[in-house]
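Trainee: Hey, can you work out the whole structure from these sequences and the hints?
For the sequence shown, our numbering assigns the number 118 to the initial residue and increments by one for each residue that follows.
These aren't lab readings, by the way, just hints derived from the structure by calculation.
All C-beta atoms, glycine included, are put in the ideal place defined by N, C-alpha and C.
Be aware that a few hints might be false.
To be verified - Simulated DEER-style distance windows between Cβ atoms:
| # | residue 1 | residue 2 | range |
| --- | --- | --- | --- |
| 1 | L152 | F194 | 18 to 26 Å |
| 2 | R150 | A183 | 17 to 25 Å |
| 3 | C121 | K167 | 31 to 39 Å |
| 4 | T124 | E170 | 33 to 41 Å |
| 5 | T196 | T124 | 30 to 38 Å |
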Amino acid sequence: LLKCGPTGDPVARKVAIVTPTSLVRNWLKEFRRWLGSERLQPTTIDDIKKKAEVLEALEKFGRLPAQRVLVLSYESFRTHK
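Mentor: Structure follows, in C-alpha coordinates:
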(Lines of atoms letter the chains of each structure in order from A and count residues from 1; the text may use other names and numbers.)
(Lines give C-alpha, C1' and ligand atoms only; values in the text may rest on other atoms or scores of the structure.)
Protein backbone atom coordinates (compact mmCIF):
# COMPACT_ATOMS: atom_id res chain seq x y z
CA LEU A 1 0.00 0.00 0.00
CA LEU A 2 3.00 2.31 0.44
CA LYS A 3 4.10 1.74 -3.15
CA CYS A 4 1.04 0.70 -5.13
CA GLY A 5 -2.63 0.32 -4.29
CA PRO A 6 -5.51 -1.15 -6.29
CA THR A 7 -5.54 1.82 -8.71
CA GLY A 8 -1.77 1.84 -9.19
CA ASP A 9 -1.17 4.82 -6.91
CA PRO A 10 0.07 4.61 -3.31
CA VAL A 11 -2.78 4.36 -0.81
CA ALA A 12 -0.86 5.22 2.37
CA ARG A 13 2.02 7.51 3.23
CA LYS A 14 2.64 6.01 6.67
CA VAL A 15 1.53 2.75 8.28
CA ALA A 16 1.21 1.70 11.92
CA ILE A 17 1.17 -2.01 12.75
CA VAL A 18 -0.19 -2.75 16.23
CA THR A 19 0.69 -6.24 17.42
CA PRO A 20 1.29 -8.28 20.58
CA THR A 21 4.59 -7.42 22.29
CA SER A 22 6.04 -10.81 21.49
CA LEU A 23 5.65 -10.20 17.75
CA VAL A 24 7.20 -6.71 17.41
CA ARG A 25 10.69 -8.14 16.78
CA ASN A 26 9.25 -10.76 14.42
CA TRP A 27 7.76 -8.00 12.27
CA LEU A 28 11.16 -6.28 12.15
CA LYS A 29 12.83 -9.54 11.10
CA GLU A 30 10.25 -10.10 8.37
CA PHE A 31 10.72 -6.57 6.96
CA ARG A 32 14.49 -7.13 6.86
CA ARG A 33 14.05 -10.58 5.34
CA TRP A 34 11.78 -9.46 2.51
CA LEU A 35 12.97 -5.90 1.87
CA GLY A 36 16.46 -5.68 3.34
CA SER A 37 17.55 -2.96 5.71
CA GLU A 38 18.40 -0.53 2.90
CA ARG A 39 14.92 -0.37 1.31
CA LEU A 40 12.83 0.13 4.45
CA GLN A 41 13.77 0.57 8.08
CA PRO A 42 10.62 0.34 10.23
CA THR A 43 10.44 2.08 13.59
CA THR A 44 9.74 -0.48 16.31
CA ILE A 45 8.40 0.17 19.78
CA ASP A 46 7.94 -2.58 22.30
CA ASP A 47 7.29 -2.52 26.03
CA ILE A 48 10.99 -2.89 26.81
CA LYS A 49 11.89 0.68 25.85
CA LYS A 50 11.85 3.50 28.37
CA LYS A 51 9.19 6.19 28.12
CA ALA A 52 11.66 8.82 26.86
CA GLU A 53 12.83 6.46 24.09
CA VAL A 54 9.25 5.72 23.09
CA LEU A 55 8.29 9.40 22.93
CA GLU A 56 11.41 10.19 20.89
CA ALA A 57 10.67 7.35 18.45
CA LEU A 58 7.04 8.45 18.04
CA GLU A 59 8.06 12.07 17.47
CA LYS A 60 10.68 11.02 14.93
CA PHE A 61 8.17 8.78 13.12
CA GLY A 62 5.68 11.63 12.84
CA ARG A 63 8.23 14.21 11.74
CA LEU A 64 10.46 12.39 9.26
CA PRO A 65 8.99 11.42 5.87
CA ALA A 66 11.53 8.60 5.49
CA GLN A 67 10.05 6.89 8.57
CA ARG A 68 7.09 5.18 6.90
CA VAL A 69 6.32 2.10 9.01
CA LEU A 70 5.75 1.98 12.76
CA VAL A 71 5.47 -1.38 14.53
CA LEU A 72 4.34 -1.17 18.14
CA SER A 73 2.78 -3.32 20.80
CA TYR A 74 -0.85 -3.05 21.88
CA GLU A 75 0.28 -1.81 25.29
CA SER A 76 2.50 0.91 23.83
CA PHE A 77 -0.30 2.00 21.52
CA ARG A 78 -2.80 2.15 24.35
CA THR A 79 -0.38 4.06 26.59
CA HIS A 80 0.70 6.64 24.00
CA LYS A 81 -2.37 7.05 21.81
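Trainee: Hint compliance check: list the failing hint numbers for this structure, sorted ascending.
Mentor: Hints that this structure does not satisfy do not exist here, as all of them hold.
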